[in-house]
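Based on the hints, put chains U, H and A in the right spot on chain P.
There are 4 protein chains.
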Amino acid sequence: MNRTPVAAVGIVGVSGYSGMELARIVAGHPQLALALAISDKWAGTTLADHLPIPSAGGALVVRPQKEATAAAFAGLEIVFLCTPAEASIALAPVALEAGARVVDLSGAFRLPANEYPRWYGFTHARADLLPAACYSMPEAGASGDIRSARLVSNPGCYATASTLAALALLRGEIIAAEGIIINAASGTTGAGRKASEDFSFSEVDGDFRAYRVLRHQHTPEIERALALAGQPPLKVTFMPHLLPTRRGILATVYGRLNQGKTAADAAAAIERFVAGKPFLKAAKPDAVRLQPIVSTNRVLLGADADPERGVAVAFAAIDNLVKGAAGQAVQNANLMLGIEETTGLLNLAGSAP
Amino acid sequence: MNRTPVAAVGIVGVSGYSGMELARIVAGHPQLALALAISDKWAGTTLADHLPIPSAGGALVVRPQKEATAAAFAGLEIVFLCTPAEASIALAPVALEAGARVVDLSGAFRLPANEYPRWYGFTHARADLLPAACYSMPEAGASGDIRSARLVSNPGCYATASTLAALALLRGEIIAAEGIIINAASGTTGAGRKASEDFSFSEVDGDFRAYRVLRHQHTPEIERALALAGQPPLKVTFMPHLLPTRRGILATVYGRLNQGKTAADAAAAIERFVAGKPFLKAAKPDAVRLQPIVSTNRVLLGADADPERGVAVAFAAIDNLVKGAAGQAVQNANLMLGIEETTGLLNLAGSAP
Amino acid sequence: MNRTPVAAVGIVGVSGYSGMELARIVAGHPQLALALAISDKWAGTTLADHLPIPSAGGALVVRPQKEATAAAFAGLEIVFLCTPAEASIALAPVALEAGARVVDLSGAFRLPANEYPRWYGFTHARADLLPAACYSMPEAGASGDIRSARLVSNPGCYATASTLAALALLRGEIIAAEGIIINAASGTTGAGRKASEDFSFSEVDGDFRAYRVLRHQHTPEIERALALAGQPPLKVTFMPHLLPTRRGILATVYGRLNQGKTAADAAAAIERFVAGKPFLKAAKPDAVRLQPIVSTNRVLLGADADPERGVAVAFAAIDNLVKGAAGQAVQNANLMLGIEETTGLLNLAGSAP
Amino acid sequence: MNRTPVAAVGIVGVSGYSGMELARIVAGHPQLALALAISDKWAGTTLADHLPIPSAGGALVVRPQKEATAAAFAGLEIVFLCTPAEASIALAPVALEAGARVVDLSGAFRLPANEYPRWYGFTHARADLLPAACYSMPEAGASGDIRSARLVSNPGCYATASTLAALALLRGEIIAAEGIIINAASGTTGAGRKASEDFSFSEVDGDFRAYRVLRHQHTPEIERALALAGQPPLKVTFMPHLLPTRRGILATVYGRLNQGKTAADAAAAIERFVAGKPFLKAAKPDAVRLQPIVSTNRVLLGADADPERGVAVAFAAIDNLVKGAAGQAVQNANLMLGIEETTGLLNLAGSAP
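Chains as they are written, first to last, in our numbering: chain P, 36 to 388; chain U, 36 to 388; chain H, 36 to 388; chain A, 36 to 388.
Bear in mind the hints are in silico, worked out from the structure with no lab data behind them.
Being a predicted model, the structure only gives us computed values, none of them experimental.
Some clues are possibly wrong.
Stated by the list, open to error - In silico DSS-like pairs for lysine-lysine, Cα to Cα no more than 27 Å straight-line: (1) U/K229 - A/K101; (2) P/K319 - U/K229; (3) A/K101 - A/K229; (4) U/K229 - H/K76; (5) A/K319 - H/K270; (6) H/K101 - H/K229; (7) H/K319 - A/K76; (8) H/K319 - A/K270; (9) A/K76 - U/K319; (10) U/K319 - P/K229; (11) P/K270 - U/K270; (12) A/K270 - H/K270; (13) P/K319 - U/K270; (14) H/K76 - H/K229; (15) A/K229 - P/K229; (16) A/K319 - H/K229; (17) U/K270 - U/K296; (18) A/K76 - P/K229; (19) P/K296 - U/K270; (20) H/K76 - P/K319; (21) U/K319 - U/K296; (22) A/K229 - U/K319; (23) A/K229 - P/K76; (24) H/K319 - P/K76; (25) U/K270 - U/K229; (26) P/K296 - P/K312; (27) H/K319 - P/K229; (28) H/K229 - P/K319; (29) A/K101 - A/K76; (30) H/K229 - U/K76; (31) H/K270 - A/K296; (32) U/K319 - P/K270; (33) P/K229 - P/K76.
Bound conformation, chain P alone (with noise of 0.2 Å):
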């Protein structure tokens, strides 16, 4: 059917949310192959101990961390990075010097270097590596040539959710650059998988609050996805909080409302964004939510506008390991190989509830 080689591809870090998604999609996928897993907790065992992967893939043994070398990336098309920041920041090379290229899903490559001290809290062990790597959120826009790409850095969760329902406004004209407020709300599965009082059962459920208040390091990512979306440079206020839920992003964006642009605009400019996207569709305000995404690399917009009050707000909704981490990475990977950009990425499920 689909004479296009397989590419052999890696997960360093399978055993985390964004790394068994990325399996179970890799899995599903016709024309990657996964060769090589990585994870210290798994190591030892095989997929199929953990996900529901049949067959061939699921036999796989997977190593631990220390076999994460330039011998076992040797041979691999692609090694994605499912890894903190800072072991990215150590295995990318790695990787690119096995002759392998990288996607990463950290936040390692995502802002120039004199960023990082700021909004993540240390100093850029590998500053030359981040003039080359790109940056690509496909919708919005890219920093170089993915085809080419050797290091590709994936967009953050809360950045997809909040670039796209923010560009969808700007680029119909219907909010000012200036004063942009983006609140957002993730389930828990965006802190990773970790033990922590602060993420326990007892402690999420029921609950809901902010959180790294006016510091969180989507903040510099989302200026500068908008920036390579080709709009002016420009501030978002952004504003995480904590949902009782375990995945889905809901980022509802507020903009100036532009003079004589009205709710009508407002709901057009979403619909002229989605068009020819194969993984965005519009909705009315109050049917983006996160139930219907869940699962799938989709992408739920809608906006309205109050003109009385000078306002307007734009809503998107994805799954913050879909379309915020796994599922755009193979997008990514997708478009990295020359192949068609939603290949195995439109069948995965999620039918509500």
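This is chains U, H and A only, laid out in the frame that chain P set:
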């Protein structure tokens, strides 16, 4: 111990979520005695059949809605109406004519008559009662003298959280009056007790979405409450979201930072605002959360600011059924009776989680 | 790639939870093509308006219930009925007469006629269809030859989990036939999609309780399924509980330990039972949980025993909407069509969480 | 009003879930005064910084664990230990020697010494204290005279729910002593307040599973509690499950129906059992649920039977932190002090939801 006479009160709509909460609070209140409870759903059974109300109070037999008559209200000092707005409009005059004072928990008496068609979808049948209705949010302001008021309009849940957070920043001159954006999220009990597919567990769990986008009836109420609190007339953007939890509201309020103001100024404004207000408590922005306030009459408030982006944010967390409904109703009743504002409201439960 | 002809199928009741799940599975199935979808709720819209079904499949326009006629069913190889039992009893003959084969997901054809008044509360209007109806739980047994059956009765969700767990212990001769107790718990989607105060988020969240105590209609179905699986007639005690989650069933099955049997014997019985059954997987008792099986057709099974107390226990976890409904229906359809049993069912989502 | 002297009490481990709940209850208790609160986590802050405790009580400054000394305990009438079992074994003698009486909420003093290695995994370091330790579950029985006991062992949460449900059937001679099976499910706070991946929101939400299968330490405690309640020695099978909720336990207890007994007999046995016990309340089997008892010291009990299958079932619902821990501890303290058993326990919150 307490020589103040005990006031006989009645609750119409006792089987709804606000009514149940109110019955619980009244049962533990040393100076209120529940003498009438009305609900078709529970008619003929005792309160103790449904609620953990000990001894005397629990033995009260609930009467059907049709017995909400002047005869039934006679002799009561206060009648609490936990009924839909249109039912309250019909019942309030009956109670007033029977000589009782009324605390209405619906939206029936919160706005000027001309606002009802737009925001509530009906023409007010008893607009004659509105001028004398005393809207009272004790920590913000009131539209009259509650000590002598016969008809008291109890604030809405969203309006309470939103007004207090915005007011703290406005009083502190931290933000401008223009461009206030209130992003709020509520648990499901805010929608009342009812059969509805949209509010079924299968649809709400794992979900998050906005609703009544740019047309929620608490928008003009917040604007009015801020005016009653002494602020010049202003317009706010208010956006409610539905949380997958039962109880609690978090309001995240954004404003345009006044020149020269800092994060420290914002925090100080909160401290000044809560000073001397027994139910208000200042907290760090990410500690303003739902768990600690659920089942209590308390309000957690916090604030921060980003001078680089010219924005300040304030957070308020309340229990929608207590401070947002039944608790504030008792607080208002205390003021009406001239007794200590906190009577019966300090020992409500609420240790987390 | 696949030269087997594709079978045209229809779904009646596509907007219910089982129907939605079935549409999702059929959309990804290489040898089924959805040619008819019926639902009053979605009539006139396309499947893609509601479900993430790409391309051709998504464009199908849903038709109203009144169009569930012989004319509409003509040309379909299989009609899936995702309708209440009494509707299925009316519709199955229509589809059969139109030449289609039927897979019914309701309880309409699961029991002998004389059991309906007691367990379902109605007299069966088409008892004549019952003898030829083929009840089929592929890993346990069937009441006829599914390859030639015209009317297939798909098992109930609780019955599937309960039967498989009990059967593993019975086949292994770990427990006696007498005194089996099945304590089961299900997510809310098992109750269907509907407006109901009892199933509202406010009532279910934070709650847990039994329901239909000692009178649930899956009791005789489990007893019949065990008999069809080759066990001597026996009676089971079945007790369903409602979990505050959307999807998944855990059956905890207790039996009286046969003399001399141990915990190791119980575990070995599970291993033998799952061998060669592609959807069954053995796990340690405390690893039989809901998250890994949600959205998949898989069954996790585990067992243990306490000789001192003379008891063995087996656990089974399934997704009530997939293995407990739509997935097993497709598994049965595969068997009806003579194609590989797992076709279209192995790559369903389901990585935790 | 109340002329009984107020008893000074202390809480060690006040920042844990049981400790927090205990502080809340003591704060509202007219005859207990919290004079010492110990927790490393909260050391140096006041109780009011963490809990909604008004006025005097809230001003108490929490002291670090190292100050849990005889000097600190001197002058206290009762010390509540909300500490892990091994810490309680070390602390109880210190408090006793300081002249205080002790209520221990851990498992440290619930079993004979020889049971500790098997069920708790350690050898009891102060087995000498066990004979005089008074295990007291007021509605069932006690191992000594609580009015004079110096060291009181407060029952476990599961043991409380399980024992009361089983005892109601046994006392009513509804079921045989042999073959009792207790299927129980608890909210996450039963596991305490801690960082743990297994108890993270991402792992628990949407999940349900058994744990400590056939080896939970409440098994022998239930057997002992039934013996203390006057039953002949018997063995029970106890199976705990983890619910995706924070608070509450439902015990579903199955027994072999005695000859000639009916469902009506089972219900009548419940009615007789609850008569005269102020915290127990009979309900229909499917009304024994968690929401109405959360945050209260109440127990809902119900029962049914199926003579055809020879089985009876009883249900008990409690709040694991109140009747299953802090509430029962205060109930025991009331009995120790010779005051009314219900003092300070009737007005706890708990209206649903």
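Evaluation of the provided hints:
Under the criterion of a C-alpha separation no larger than 27 Å, the hint pairing U/K229 with A/K101 is inconsistent with the structure, at around 52 Å. Using a Cα cut-off of 27 Å, the hinted pair P/K319 and U/K229 holds, with the two alpha carbons roughly 25 Å apart. A threshold of 27 Å between alpha carbons decides the hint, and for A/K101 with A/K229 the separation of about 20 Å falls inside it, so the pair holds. A threshold of 27 Å between alpha carbons decides the hint, and for U/K229 with H/K76 the separation of about 21 Å falls inside it, so the pair holds.
Distance check on the hinted pair: A/K319 and H/K270 sit about 24 Å apart at the alpha-carbon level, within 27 Å; holds. Proposed proximity of H/K101 and H/K229 is supported: the alpha carbons are some 20 Å apart, at most 27 Å. For the hint pairing H/K319 with A/K76, the CA-to-CA distance comes to about 36 Å; that exceeds 27 Å, so the pair is violated. The hinted pair formed by H/K319 and A/K270 meets the criterion: a straight-line CA distance of about 24 Å does not exceed 27 Å.
For the suggested pair A/K76 and U/K319, the alpha carbons sit about 18 Å apart, so the restraint of at most 27 Å is met. Restraint check for U/K319 and P/K229: the C-alpha separation of about 25 Å stays at or below 27 Å, so the hint holds. Pair hint P/K270 plus U/K270 holds up; C-alpha atoms about 24 Å apart against a cutoff of 27 Å. With a C-alpha separation of about 24 Å, the suggested pair A/K270 and H/K270 falls inside the 27 Å cut-off, and the hint holds.
Distance hint between P/K319 and U/K270 is fulfilled; the C-alpha atoms sit about 24 Å from each other, no more than 27 Å. Restraint check for H/K76 and H/K229: satisfied, since their Cα atoms lie roughly 12 Å apart, inside the 27 Å limit. Distance check on the hinted pair: A/K229 and P/K229 sit about 12 Å apart at the alpha-carbon level, within 27 Å; holds. Restraint check: the Cα-Cα separation between A/K319 and H/K229 comes to about 25 Å, which is no more than 27 Å; the hinted pair holds.
Between U/K270 and U/K296, the direct Cα distance comes to roughly 22 Å. Compliance with the 27 Å bound is thereby established for this hinted pair. A distance of roughly 21 Å separates the Cα atoms of A/K76 and P/K229; the hinted pair therefore holds under the 27 Å criterion. Using a Cα cut-off of 27 Å, the hinted pair P/K296 and U/K270 holds, with the two alpha carbons roughly 18 Å apart. For the given pair, H/K76 sits about 18 Å from P/K319 by alpha-carbon distance, which is consistent with the 27 Å threshold.
Simply put, U/K319 and U/K296 have alpha-carbon atoms about 18 Å apart, close enough for the 27 Å limit, and the pair holds. Straight-line distance between C-alpha atoms of A/K229 and U/K319 comes to about 22 Å, which keeps the hinted pair within the 27 Å bound. Straight-line distance between C-alpha atoms of A/K229 and P/K76 comes to about 21 Å, which keeps the hinted pair within the 27 Å bound. With a C-alpha separation of about 18 Å, the suggested pairing of H/K319 with P/K76 holds against the 27 Å cut-off.
Only pairs whose Cα atoms come within 27 Å are accepted, and U/K270 paired with U/K229 is rejected, the gap being roughly 32 Å. With a CA separation close to 24 Å, the supplied pair P/K296 and P/K312 stays within the 27 Å bound. Under the criterion of a C-alpha separation no larger than 27 Å, the hint pairing H/K319 with P/K229 is consistent with the structure, at around 22 Å. For the hint linking H/K229 to P/K319, the alpha-carbon distance of about 22 Å falls within 27 Å, and the restraint holds.
For the given pair, A/K101 sits about 12 Å from A/K76 by alpha-carbon distance, which is consistent with the 27 Å threshold. At roughly 21 Å between alpha-carbon atoms, H/K229 and U/K76 fall within 27 Å of each other, so this suggested pair holds. Proximity of H/K270 to A/K296 is assessed by CA-CA distance (about 18 Å); at most 27 Å being required, the pair is judged to hold. Annotation: proposed proximity of U/K319 to P/K270 holds, straight-line Cα distance about 24 Å (limit 27 Å).
With a C-alpha separation of about 12 Å, the suggested pairing of P/K229 with P/K76 holds against the 27 Å cut-off.
Hints 1, 7 and 25 from the list above are not met by this structure, while the remaining hints are.
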